[in-house]
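A.B. asks: Residue numbers (the numbering used here), protein chains in the order written: chain A, 818 to 1129; chain B, 298 to 433; chain C, 95 to 661.
No wet-lab data here; the hints were simulated from the structure.
Where hints are given, some of them may not hold.
Pulled from the structure, derived: some chain A residues nowhere near chain C, Cβ distances all over 12 Å [what the hints assert, rightly or not]: (1) S859; (2) S874; (3) T875; (4) D878; (5) R911; (6) I912; (7) R913; (8) E954; (9) G984; (10) T1043; (11) L1083; (12) Q1085; (13) N1099; (14) Y1117.
Partial pick of chain B residues on the chain A-facing surface, computed with a CB cut under 10 Å [as the list claims (entries may be wrong)]: (15) G333; (16) Q354; (17) P374; (18) E378; (19) R381; (20) A406.
The model shown is predicted, which means the values in this text are computed figures rather than measured ones.
Ideal Cβ positions, reconstructed from N, Cα and C, are used throughout, including at glycine.
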Amino acid sequence: MELTRKILEGDVRAAARLMTMIENGASEARAALKSLYAHTGSGYIIGITGPPGSGKSTLTDHLTDELRKRRKTVGIVAVDPTSPFSGGAILADRIRMQRHSLDADVFIRSMATRGHLGGLARATNDVVDVMDAAGKEVILIETVGVGQDEVEVVGTAHTCVVVSVPGLGDEVQAIKAGVLEIGDVFVVNKADREGANRTATELEMMLHMAPDTGGWLPKVYKTVATKGEGIAKLVDAIFAHKAFLDERDLRKKKGRERSERAFMALLQETLRARTVERFKRNGSMKEMIERVADRELDPYTAVEEILDKIGL
Amino acid sequence: MTTQVQQKIRVLIAKPGLDGHDRGAKVIARAFRDAGMEVIYTGLRQTPEMIASAAIQEDVDAIGLSCLSGAHMYLFPKVIELLRERGADDIVVFGGGTIPDEDIPKLKAAGIAQVFTPGATTGEAIEFVKSNIRSK
Amino acid sequence: MIDMHEKREIERIEKEKEQWEAETLKPALKSAPERAERFTSVSMAPVERLYTPADLPNWDFLKDLGFPGEYPYTRGLHPTMYRAKLWTMRMFAGYGTAVETNRRFKYLLEQGQMGLSTAFDLPTLMGYDSDHPFSAGEVGKCGVAIDSLADMEILFDGIPLGEVTTSMTITSPAAVLWAMYVAVCEKQGVPYHRIGGTIQNDILKEYIAQKEYIYPIEPSVRLVTDTVVFGAHHLPRWNTISISGYHIREAGATALQELAFTLADGMVYVEEAIKAGLDVDAFAPRLSFFFDCHNDLFEEVAKFRAARRLWARIMRERFGAKDPRSWLLRTHAQTAGVALTAQQPYNNIARVAIQALAGVLGGTQSLHTNAMDEAMALPTEEAATIALRTQQIIAHESGVTNTVDPLAGSYYVEALTNQMEEGAWEYFRRIEELGGMIRAIEKGFPQREIADAAYAYQQAVEREEKIIVGVNRFKEEDAQQIPLLSIDRAAEQRQIERLRELRRSRDKDLVMRSLDALRQAAAGKDPWGRDLLMPKILDAVRAYATQGEIMDVFREVWGEYTEPIII
């Protein structure tokens, strides 16, 4: 397939085009993903998550810089929210990363959530796969910075970096409530600000109290992303986590979990799409929904009836 | 066999050159968002090379360039030239700023699809993008 | 003091007003409804149908207004205002290379202009030499290109700098360009105490609006403070900061935001200079301001009046300044570039006349009027002359200069002036809550307020709630064509060649040594009183170091600024 061949050869335009097709749910995208799938699985995926204003984009920019110094090729997927009112979005994370835009070994893609919850876009996983197939060795995913529910990235990333900043008051609280369990590495960014040490100490205390999750002890790192301070150590920590996973063969396990989730999601979506399509065509779906609405039929029986008809 | 098809118009809004007047670029970015588009905003002080590269990675349908410093005759055509070199000249490029009337035909000849001068409305720009992007 | 008599009087007026509304207004509204449900200023602030003394509760003539030339200066800085001396008509000029701009300067002086005002091109404003890759296509475009003292010598060739005052619209590299100007004065034999003029040098508004910042905020403010200290010690007639609302307004701010953010910036500079060890009265008289004059005549007049009253109160009450000259808000004004349209450009002459009138009725000390063609290009000589003539017509034909503060006592204008002052105090309070102006800027507070205002206004225009003649009403099919200035494309090449020649011919060792000394001074932690940067910059300039080289020294030591993302 022409598109796949080009992507595997490193054609940026072809990869970018496929990402758009994936986002738009175009049917050709699926065919391309099928033939790319065998070429995925070697990229190391790092999730960057944290509250708004914590400097995730700047951190991503400097992580990229450090990774490039270590001769890794980098893919970046930066996710921003879609406006629920207009369906539009302003994707501005690139501003912080533009110095890499001329580097052929860095591929940056901005994505809007398009209504998907969880901190990622529906298509993020597939876009990461395209970057992986296109040969990016490390793929950074910057999630939407909205608060506590943006934990979906844990299912996609091998290493999850949780970013916090001093001085926002209840940030540590927010982390405790939501993202403490998903972090493999913790960062207190803007560490030149007042209260950085306190924030770091509080985080460390909470991590000590957290239940053991299989031998990896997450640590807290201080960075000043705007000045590039603490970035090398952070990259070391990420790679230490990678080594930890590899030693115990956990990366494969994580990969398997990710594949399972992706498979289940795809199955769900495809089943639903095909079912709806079949019953829409003969009009029985609409009629059935009307009966449910009129309380002539309960929804449970309705679904069973449908599944019976297709033999499931 | 389709899943939910969600076609969205993607537009890159960029400020090439050294000019820092970003009121117009920001107003346009917001208006496009409010018209349901996905706007990639790359901020100030972008070289034509950075703009072309970002546009390709982001696979945008259109690029809006804003320049108020008078350097548009150098910067705008340069973006077009770079897109052509990289086979991405299907991306529609439009511009805005303090641009003399006499420069507009020259910019159009260089490949800039439309030029909006002070007083142009965001509605006009939205209409322009919607009716001029090429379907993929 | 509000006495019982006045209170009763206001109550009586309110009662009469109610009666008027019932008996006279109501039937009138029935037969001829108003053109809109609500009326707003160009800043989208609500405007009432009618203003009366009831809109000025607790208003005290002596305390809030007083007399011109006296605290709180609401009515003007001078007791006679324009009866004694007109404002300085100062037209901003600069394009191409120093040679062309020098010619324009001489022309303007011959036309009766009273002071010079220099516009620089973007590479100069951003601290890049003309041969830097970022400068490609920008050299000489929106102002004159100045790379070194050699260019500055040409720029002011044949102009006696002991007699004219010069304003330089430059901020990030202000210290460097100022040093070049001082060095030219040295060569002309003008003693320091006679050198007069202004550098814009207001770095905070760059982070808020104009975006021509280079370094992070704190070292940038240090550089500004360094110039304030140097000026206080050596150049008593120089205005070291022109605290500028103009760019804030042009970025889309309301009149109130322009006023509040500008004064908030001003307070930072005062605090910093005091921290640097200066007595407030040693530098405050050298602070000047720069405001926009927009289309909404009365709102603008109120803004200028409120600005003077606020600054006088801030300087006297908050900073304890004792010298009355420290209380004065001396201001330059410029008509609103943002209000000019590319459609039907001749209409801009009328807009500029109204805006200029606002500046004069507001009591400005100097004024630049934009030319009708500036929505499209730099002005032609003819267009710039019409703009200057507009000022002269206001000065000599309109009669508004015959009396001091002619709009005082208008219930509307006084109510607006009060609203402006109160609104500004409210903004100061919010800024303080955010930890002061520098923190507020880092958090993007003023930037967000301005972006919201700009978007709200644009939407109002598109809904046709705001009418712009020739744009969304009274449009014409055939475009009006006017002649425009085109900048010679060869200027860039000529400038680069001259710069290369300079780099070949100067004493390289001397340049290196002077830049090393500057680097050490910039890296120093405690600059005050010991390692002032200005003398080192002067040495580098005298050795013909280029402005890009000098600015690079600071880039190396201080790094560059990244702005919060506010859209």
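A.B. asks: Evaluate each hint against the coordinates.
C.D. replies: Now the hints, each set against the structure:
| no. | hint | in the structure |
| --- | --- | --- |
| 1 | S859 | holds (33 Å) |
| 2 | S874 | violated (8 Å) |
| 3 | T875 | violated (7 Å) |
| 4 | D878 | violated (9 Å) |
| 5 | R911 | violated (10 Å) |
| 6 | I912 | violated (6 Å) |
| 7 | R913 | violated (7 Å) |
| 8 | E954 | holds (27 Å) |
| 9 | G984 | violated (9 Å) |
| 10 | T1043 | violated (6 Å) |
| 11 | L1083 | holds (34 Å) |
| 12 | Q1085 | holds (36 Å) |
| 13 | N1099 | holds (47 Å) |
| 14 | Y1117 | holds (47 Å) |
| 15 | G333 | holds (4 Å) |
| 16 | Q354 | holds (5 Å) |
| 17 | P374 | violated (19 Å) |
| 18 | E378 | violated (16 Å) |
| 19 | R381 | violated (13 Å) |
| 20 | A406 | violated (25 Å) |
Taken one by one, the earlier hints fail for this structure at numbers 2, 3, 4, 5, 6, 7, 9, 10, 17, 18, 19, 20, listed in ascending order.
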